[in-house]
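Please build the complex by placing chains L, F and V on the supplied structure of chain H, with the hints as guidance.
4 protein chains.
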Amino acid sequence: MIAVLKEGTTPQQRENLCEWFKSMGLEVNVSEGKYHCIIGLIGNTSEIDTGLLESLSIIESVTRISDPFKKANRKFHSENTVVDICGRKIGGGNFEIIAGPCAVESEEQLTSIAKSVKASGAGLLRGGAFKPRTSPYDFQGMHKEGIDLLLKAKKETGLPIVTEIMNFNDIELFEEVDVLQIGARNMQNFELLKEVGKTNKPILLKRGLANTLKELLMSAEYIMASGNENVILCERGIRTIETYTRNTLDLSAVPALHELSHLPVVVDPSHSTGISRLVGSMAAASAAAGADGLIIEVHNNPECALCDGAQSLTPEQFDAVAKTVRKIREAMS
Amino acid sequence: MIAVLKEGTTPQQRENLCEWFKSMGLEVNVSEGKYHCIIGLIGNTSEIDTGLLESLSIIESVTRISDPFKKANRKFHSENTVVDICGRKIGGGNFEIIAGPCAVESEEQLTSIAKSVKASGAGLLRGGAFKPRTSPYDFQGMHKEGIDLLLKAKKETGLPIVTEIMNFNDIELFEEVDVLQIGARNMQNFELLKEVGKTNKPILLKRGLANTLKELLMSAEYIMASGNENVILCERGIRTIETYTRNTLDLSAVPALHELSHLPVVVDPSHSTGISRLVGSMAAASAAAGADGLIIEVHNNPECALCDGAQSLTPEQFDAVAKTVRKIREAMS
Amino acid sequence: MIAVLKEGTTPQQRENLCEWFKSMGLEVNVSEGKYHCIIGLIGNTSEIDTGLLESLSIIESVTRISDPFKKANRKFHSENTVVDICGRKIGGGNFEIIAGPCAVESEEQLTSIAKSVKASGAGLLRGGAFKPRTSPYDFQGMHKEGIDLLLKAKKETGLPIVTEIMNFNDIELFEEVDVLQIGARNMQNFELLKEVGKTNKPILLKRGLANTLKELLMSAEYIMASGNENVILCERGIRTIETYTRNTLDLSAVPALHELSHLPVVVDPSHSTGISRLVGSMAAASAAAGADGLIIEVHNNPECALCDGAQSLTPEQFDAVAKTVRKIREAMS
Amino acid sequence: MIAVLKEGTTPQQRENLCEWFKSMGLEVNVSEGKYHCIIGLIGNTSEIDTGLLESLSIIESVTRISDPFKKANRKFHSENTVVDICGRKIGGGNFEIIAGPCAVESEEQLTSIAKSVKASGAGLLRGGAFKPRTSPYDFQGMHKEGIDLLLKAKKETGLPIVTEIMNFNDIELFEEVDVLQIGARNMQNFELLKEVGKTNKPILLKRGLANTLKELLMSAEYIMASGNENVILCERGIRTIETYTRNTLDLSAVPALHELSHLPVVVDPSHSTGISRLVGSMAAASAAAGADGLIIEVHNNPECALCDGAQSLTPEQFDAVAKTVRKIREAMS
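Chains as they are written, first to last, in the working numbering: chain H, 192 to 524; chain L, 192 to 524; chain F, 192 to 524; chain V, 192 to 524.
Watch out, some of these pointers could steer you wrong.
The list treats identical chains as interchangeable, and a pair is accepted whether it falls inside one copy or across any two copies.
[Claimed, not checked] Listed next, the in silico SDA-like pairs over lysine to any residue satisfying Cα-Cα at most 25 angstroms (straight line):
1. Lys309 / Met523
2. Lys261 / Gly284
3. Lys335 / Lys389
4. Lys306 / Pro351
5. Lys392 / Glu382
6. Lys261 / Thr200
7. Lys346 / Gly312
8. Lys262 / Asp329
9. Lys261 / Asp329
10. Lys385 / Asn358
11. Lys197 / Glu406
FYI, nobody ran anything at the bench for these hints, they're computed from the structure.
Nothing here was measured: the structure is a model prediction, and the numbers come from that model.
Extracted from the complex, chain H is given alone in its bound form:
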């Protein structure tokens, strides 16, 4: 960490500051210039509150050299994390497609989709039982009944299930769920992150609509610091000035997150684009970019989907997408 002192800082003030740094166990290097004095800090600075430091009247600026996420950081954990979900592996060269409807609607719907996506090569089943909706008047999901249907579909197909949790008070309902999803709007719901960090279930953590990659990693750090290191990061698009697509898929997040962290990265081409016609290209591009998996919405009757149908593929379209993705992964191997 580097702190630059303001012009006019007295030697006494500087001395006091350096003493304080030393009292925190840091090594302190002072480099004095004509206009500025630069203090380099060596040691474990991850617990220093940058905001606090910047608030001191003698400080011009503070720059971190190392990132404050330690458990998620590639630097301190060079090997790729592989998350194992009932034998399906994500990360470290292992790739899985998670597929299924946006919202669970009925047994027929779910079983039919589950069977077809399994036949096309999907390794996990997704489906929303609790749905975060902008409007209180929109369909909010089937709740307990939805989870029961997911568990039935799992029994029938063997596919592990991924579903979103919005309120930790519902955790009992998720006992047999395989992967807990944290939605984009809850990426900085720190209370929820701490709670799921106390479970031993793999967590699919979606990037918030206006959050940076480092903030995503800090949220992963919340989960990991609570004891659960099975975190799968998910790029699902950010809000930008473009309005043709619902959000802007940031595919450079895939290699960037792989640089910064050892955690696996999956991509959601459905929610990011919001347009089913673009899902195939973006799934292919994600595989080429080195993603560790995909999460794709599939519906057996998109015209009647209770939510987000505009972005869902039909089972036939999904089958074609899965084939292309496989070809690309083979070409790159």
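Relative to the frame of chain H, chains L, F and V by itself:
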């Protein structure tokens, strides 16, 4: 609501769609063109799921003419809502300044600040007992102890208190708190919104960092639809391409929210700019823009604030700001 | 085009408006509701100024159903445009890689890079002779001398050349240049667009840092409306809230532009990410997304590049990237 | 300037780098840590190309302590610049309102507006003769005829005139124009900036839609480095995620630019909001924020404005706005 059908829609498909609309109690007007057929829908369309409609293969586009927030909507409630907090009124020409430290740190700190901001004209006391922090390693607040100190300061000064709730399971601790604050990161934590909507306490709802004004109103609608209509909207800056300030204060939100809604609007010039030197100008500008109140961070020793000190005013600076704000409000009256 | 009238519009006002629309040769369909009256307009509305219409006091909103770009629009020109540059074809299934240094620096540099990128499969040579720089004190390019070096490199390798024009008064210098590049900062320099539209050279039009896809197409329309239909669109990243990468590459722009327009789309993974380590993944992802070409920065000595070196590949790295791109294109064919 | 070297940099590499810095006349301070070596550079670093430095393989990061704009920088020029336009002063406590129609349309229109805005207290007349429009099919301005009408209006009212220049080849037409406006889309049209920098006319430089304050100052620096120091900065809104207003007015830019620079700052509440109903509040807020002036669109018949009418005030509305602004400025003095 206007739905435009795609070229090639058959008369039968159109007929079916119109029947479905009619079954929902809507009046249907069809206007047929050479390339497009336009369907105008009259009636209560607020419960129609636009996403669902857009997902139909025969639909080109769907446009709402009325906004889907009904309880927060100025159109259906032309009089300004005035929120009364122990006699302090916000909205409808009534203006209050909420001031206090970012985080509660000690009894001495809080009492001292509370007394000085009261003397300068603040009507309510703010202070964080639960702090949402990007990093799990940063100071998270004093929790119960912090709320106890707020209540002591209230007793001593008579100032009602405003403090953030992050987890509804903590609600018992907030029993004597006057205003519950929902932070920007929780603006779309719909579970929390529903819960605070079941209380009868005034809610200070902060705009999310990447949320539009209409989304802010939809979040207010969540609270109101749960039964609590005492909502105060708070503009606190959005994330943009500018990096000099921490966020970009969107002051046009003040007159825009007043157009769209009857709810009061307060502005937070501290968090939005993140720079104490800019707080005064932005407080003055907020008053001139017609805000119903301000929420300002004040610290008696900014150099030692445990968080966000860089944006806090000293009591002397706050006093000057409060004076300017008063002058501007008088000039405009 | 759909215009919605405000509640309270008198029949006479409506009549006048409709007469005006009819005088512009449009078919007018009126659909009257209880609160709103909806007017559907059929015909050539591309020359109607939406801003003007919205400014009328009786208008609630105006929505275009068709986009105002006609020459660039896929709807009126379903076949893919193929741009031919000395026999190299871009678009309609044809793919080329444009490679070369950010800025032309010397004959040795340019010839050496040109030979190596040609050997690796690049079809065109890029290099900046005029460089747009944020600071007036940064290196601005070699100007005429730079173009002369590009022409020498072309003679030696046979690679057609692509280079940026910033001021149309310099056009004589570009007489033998094969492709004129319009940089991101000039995407809405309408005067320059009109001028290059009067030449018969292919134009590589880069998307602005905060411009939507439709605005990019409107800028292409400026060039095409001036008579030059040889436009190649270039996605090069937009400015977003992410700061790890220099800009955010919007890869969904590739299939989206292909939907909206018949013009070819190339991707610049170098400027968008600003980090050479990410260029390979993004080049591969671009190919998988269906791009018609790539424009990649290559430098023989990245450590000494006079500008933008951090995003340049070495010739060896470029060779590997070109191989992967070929494999992906083969896998998808 | 601070450069941090990567772990693993050899002493020889470090030595070479330091020698290079010294050869550029800089004082070099080395602070060596366990993992990183920090180099502080003292002296005139404004001509160092940061991009070049970052591209070196041994560099981890580079941070500027001083900004690379020198002529526009408050640090090196602490007194406020006052721009004098035929006796009207902007900056350093002097405030003027520039008012007039978006586009010049006719002699009657312009003279009538000019007289009424003068009567309401405007000090300068604005009006577009050359209009940058997203679509090539929209009205592009009256060009020479428009400027002639502006000059007539100036003769009749005595108001100096402000109008936009888009192409420096037209400069002869602007001979008698008092202030040259550079539009937002041309803020980084560096060729145009250099050319207007060679004139001796005051320049009104508008902030680009996605440009930071420091980039705005770098563009001012282009003009100043060419010899013209009469630059007026103009905040006119940036593109953000909000869609209710056309752009988001960034009012904290006013005090922030005053901190960073000695140049005067005016605000355009018309283009930034795009909604005439919000112009009054934002004009008032701008005055309260400390702006040195305003530029406001006024039209005598907003319903027929050929462009941007939705954001224009009527003369009566403008008169009320000007009165409020005066009251606020008095209250603050």
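Each hint tested on the structure:
1. Taking the shortest Cα distances, Lys309 and Met523 sit within 25 angstroms of each other both inside one copy (24 angstroms) and across copies (23 angstroms).
2. With identical chains, the CA atoms of Lys261 and Gly284 are at most 25 angstroms apart within one copy only, with a shortest distance of 23 angstroms there and 46 angstroms across copies.
3. Both within a single protomer and between protomers do Lys335 and Lys389 lie at most 25 angstroms apart by alpha-carbon distance, with minima of 22 angstroms and 22 angstroms respectively.
4. Taking identical chains as interchangeable, the C-alpha atoms of Lys306 and Pro351 lie at most 25 angstroms apart only when both belong to the same chain, with a minimum of 13 angstroms there against 53 angstroms between chains.
5. In this assembly of identical chains, the alpha carbons of Lys392 and Glu382 lie at most 25 angstroms apart whether taken from the same copy (17 angstroms) or from different copies (22 angstroms).
6. In this assembly of identical chains, Lys261 and Thr200 lie within 25 angstroms of each other by CA distance solely across copies; the values are 24 angstroms between and 33 angstroms within a copy.
7. In this assembly of identical chains, the alpha carbons of Lys346 and Gly312 lie at most 25 angstroms apart only when taken from the same copy (17 angstroms versus 52 angstroms across copies).
8. Taking CA atoms no more than 25 angstroms apart as the test, Lys262 paired with Asp329 passes between copies only; the shortest distance there is 15 angstroms, against 38 angstroms inside one copy.
9. Proximity of Lys261 to Asp329 under the C-alpha cut-off of 25 angstroms is restricted to the inter-copy arrangement: shortest distance 13 angstroms between copies versus 40 angstroms within a copy.
10. Proximity of Lys385 to Asn358 under the C-alpha cut-off of 25 angstroms is found in both arrangements, the shortest distances being 12 angstroms within a copy and 11 angstroms between copies.
11. Taking the shortest alpha-carbon separations for Lys197 and Glu406, only the inter-copy value of 24 angstroms comes in at or below 25 angstroms, while the best intra-copy value is 29 angstroms.
Going through the hint list in order, the structure satisfies each hint without exception.
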